[in-house]
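**Student:** Letter by letter, the chains look like this.
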Amino acid sequence: MHFNSGYANDALWLARRQVKALQRYSRVVCSSASCTAMIRDGYARLAAGDELSDLAGRTFELTEFLAGLVFQPGSRDDVRVAYHATCHSLRSLRLGDTPRRLLAAVPGVELVDFRGVQECCGFGGTFAVKNAATSEAILGDKLDALAESGCQVVTAVDSSCLMQIGGGLSRRGSDIRVAHIAELL
Amino acid sequence: VNEFAAQAETALGDRTLRANLTAATTTIRNRRATVVAEVPEWEALRDRAASIKAHVLDHLSAYLQQFEAAATSRGAVVHWASDATEACRVVTGLVRERGASQVVKAKSLTSDEIGLNEQLEAAGIRPIETDLAELIVQLAGDRQSHILVPAIHKNRREIRDLFNEKLGAGLETDEPAALAEVARVYLREVMLEARVGISGANFAIAESGEICVVESEGNARMCTTLPETLITIVGIEKLLPRRDDLPLFLRLLARSATGEPLSPYTSIWAGSSPDGPQQHIVLVDAGRSTVLRDPVGRQALRCIRCSACLNVCPVYARTGGHAYGSIYPGPIGAILSPQLANLGKHRSLPFASSLCGACYEVCPVKIDIPEVLVDLRRRIVETEQGLRPEKLAFSAARLAFASGGRIALAGRLVRAANRLRLASVAPPARAWLRSRDLPPFRDE
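Chains as they are written, first to last, in this note's numbering: chain X, 1 to 185; chain S, 186 to 629.
Pulled out of the complex, with its shape left as it was, chain X reads as follows (with noise of 0.2 Å):
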C-alpha cells in the first residue's frame, strides 16, 4: 500500500522487517498475488542490490505453490463459481489459467465464464479511495458482469478485489458471496 501510493521510504521500513521476520523460512507461500508481486518486484525497485531480492525467490503465491504440489483438493457441495483473474496475478506474476485449473479440479465446484474476466475490478488500492467515483464505474461493469454470469460464488487469488467486489455486491444486496480461493480448494 505504501509503495504504490509513493510512501516509498514507509515501504521500504516495512520491506526490512518482513525481510527479516522471514528470514528463517525456506519457502513462503502468500495468499495474495498482490503481495508476492510486492515482493518479487516491488522490493527490487525499493532497494537496489541483494538487500531485499533474496525473499523473492523464496516467495510463492499459494495456487502457483499448490500447482507444483501432487495436490487433492477437497470436494464440496454443488456451487457455480465466477473466478475473477486479478490484474497482479495475470499481469505481474503471469500465473494464467493456474489457479481456474485448480479449481476445476475440485468437485462440485462449477466454473461458470463472465464478461471481461481479466479487467481489473477497479480496486487499485488507494485508488479506490482517492478516485472513489471511478472505482465505482469500473466495479459496477464488473458486478453487472457477475450478476449476469449466474454465479454463486466469485472467487480470486487476491482479497483485496474480493474485498472491492464483495463490498459492491453487500451494497447491491446480491446474493452472490466472496471466498478466497483458499476457501474453495
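Simulated from the structure, these hints should not be mistaken for lab results.
Since the model is a prediction, treat every value here as computed from it, not as a measurement.
Careful, some of the hints might be misleading.
[Claimed, not checked] Under the rule of at most 25 Å between Cα atoms (straight-line distance), these lysine-lysine pairs were calculated in the DSS-like manner: (1) S:Lys351 to S:Lys339; (2) S:Lys530 to S:Lys576; (3) S:Lys530 to X:Lys130; (4) X:Lys130 to S:Lys576.
[Stated by the list, open to error] Computed footprint of chain X on chain S, listed as stretches where at least three residues anywhere in the stretch have a Cβ under 8 Å from a Cβ of chain X: (5) 194 to 205; (6) 543 to 550; (7) 565 to 575.
Cβ coordinates follow ideal geometry from the N, Cα and C atoms, glycine included.
Following the hints, complete the assembly by docking chain S onto the known chain X.
**Tutor:** Frame of chain X; chain S shown alone:
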C-alpha cells in the same frame, strides 16, 4: 486537490458518453488483439523497438546533430526550440514572413502540446485542421479526448449537426460517407488555396534527414505537398537512427493504433525539391530534456503515440480523455504530461490509475507505465510540504503493519469503529462507503 477526480465526474455521470466510449474502445481493442495475434514474433518486435528507442534516447544529442546535418544538406532549414513559446514564435514568424493569413494543418499532437493554434490566432493567422476528427473538434470549439481519435466522444448525429451549423452542410442523414463528403469538399478547397502547411512527424530519420507521417485519410499528404512552404514540428524524441528502422516501427504502430497491418498512407520526405514545398523543421524540446534526466521516467519518451494504452485502460474507458485535462490523455498521458511540466502541473494524473498493468502489456515499445506511475507518485509525495493528514495516516499505517500482533489490534479497532459507525467519519472510509460496504471483519 484531485483535479482528475473532479474532472472525471462529468463523464462518469453521462451514461451515453460512457456507453459510446466503452463501445469505441472495445472495438479498437479487439481489432488490435486480432492483428497482433497474426504476428508470432510480436514480442521480439516489441523488444527490438524498445531497445532502438532506448538507444536513441541514450545518444540523443548526437542523433539530433546528425539529423540536422542530413536535413540541411537536402535543403531543409532546421530550427531549434527549447520551449513551447519559442517553438510557436518560430512557426508564427515563418508564416508571417510569407504573408499568409491562414495555414492548413496535418494532425500534430506536438503542435497541440505547444498551444500553436492559440498563438497563430493571436497573431491573426487562421489555422485550419485537416484531419477529420481534429476538424470536428476545432469547429466545435472543443478539446481532443483521444490521441488517435480526438473526437471519440462525439457521435454521428452531433457531427452532422455541427457540419450543418458551421459549414452550412444542410444534411439530414448522418451516414459516415455523407459526413466525410462534406469535410472533403470543404477541405479540398482550403488546401488548394493554402500557401503554408504545418505538420507533425511520426518519425524523423537521423541518417537521412527524412520525416515520416502516417495517416488514414490522405489529408496530411495533401497538407505536406500542396503548399509552397511546409513547417514540420518534431519533438526531439521522435528520432530513429536509420531508414532501415522504419519498417519495424510502421508495423508496430499500425497494428497497435488502428489494428491494421499498415496505415493507409505512409509519407516519407526529405529536404526541399524544385516541385515541392520549401521545408522548415522545428525541433522542439519543451521539457523533454528534463524528462530524459530521470532514470525511471525517461522511458515515457519512447512513446510512438499509438494510443493502444488508452483503449485497454479501465479508467480511460469510464472517464474519457477530457478528465485528464491534458493533450495526452490515458495511461501515457498520466506519465508524460506531468513529466513534461516537470511536475509543476498534472500532479493528480499519476494517481488516476488502478495499476492494473493492461497498458504495459499492449505497449509496442514496452513502456512500463505502472512502474513510472508509482515512481511519479513517490516524487510527488516527496515534494509535498508539511504535515498533511494523508502523510500522518500512512505513518500510522506503517506502524500498524509492523507486526502480526499490531495488525490484529488494528483489526479489532477497525471492527469496534465499524460497530460504532465511526468509519463513516474518516474521509477515505466515506469515499469507500459511497457504494461499497466494508467486509464483516470476522474474528479469527
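**Student:** Confirm or reject the coverage of the segment 543 to 550 of chain S by chain X under the rule of 3 or more residues with a beta carbon closer than 8 Å to the chain's beta carbons.
**Tutor:** holds (count 3)
**Student:** Can you tell me if the segment 194 to 205 of chain S counts as covered by chain X, using C-beta to C-beta distances under 8 Å and a minimum of three residues?
**Tutor:** With 3 residues in contact (Cβ-Cβ under 8 Å with chain X), the coverage given for the segment 194 to 205 of chain S holds.
**Student:** Straight-line Cα separation of Lys130 of chain X and Lys576 of chain S no greater than 25 Å?
**Tutor:** holds (14 Å)
**Student:** Check whether the Cα positions of Lys530 of chain S and Lys130 of chain X lie no farther apart than 25 Å.
**Tutor:** It holds: about 18 Å lies between the C-alpha atoms, which stays within 25 Å.
**Student:** So if I understand the rule, the pair passes when the alpha-carbon distance is 25 Å or less; does Lys351 of chain S with Lys339 of chain S pass?
**Tutor:** Cα-Cα ~16 Å, so holds.
**Student:** What's the verdict on Lys530 of chain S and Lys576 of chain S, does the C-alpha distance respect the 25 Å limit or exceed it?
**Tutor:** With Cα atoms ~21 Å apart, Lys530 of chain S and Lys576 of chain S stay inside 25 Å; holds.
**Student:** Please verify the coverage claim for the segment 565 to 575 of chain S: does it have three or more residues whose C-beta sits within 8 Å of some C-beta in chain X?
**Tutor:** n = 3 at 8 Å, threshold three: holds.
Of the hints listed earlier, there is not a single one the structure fails to meet.
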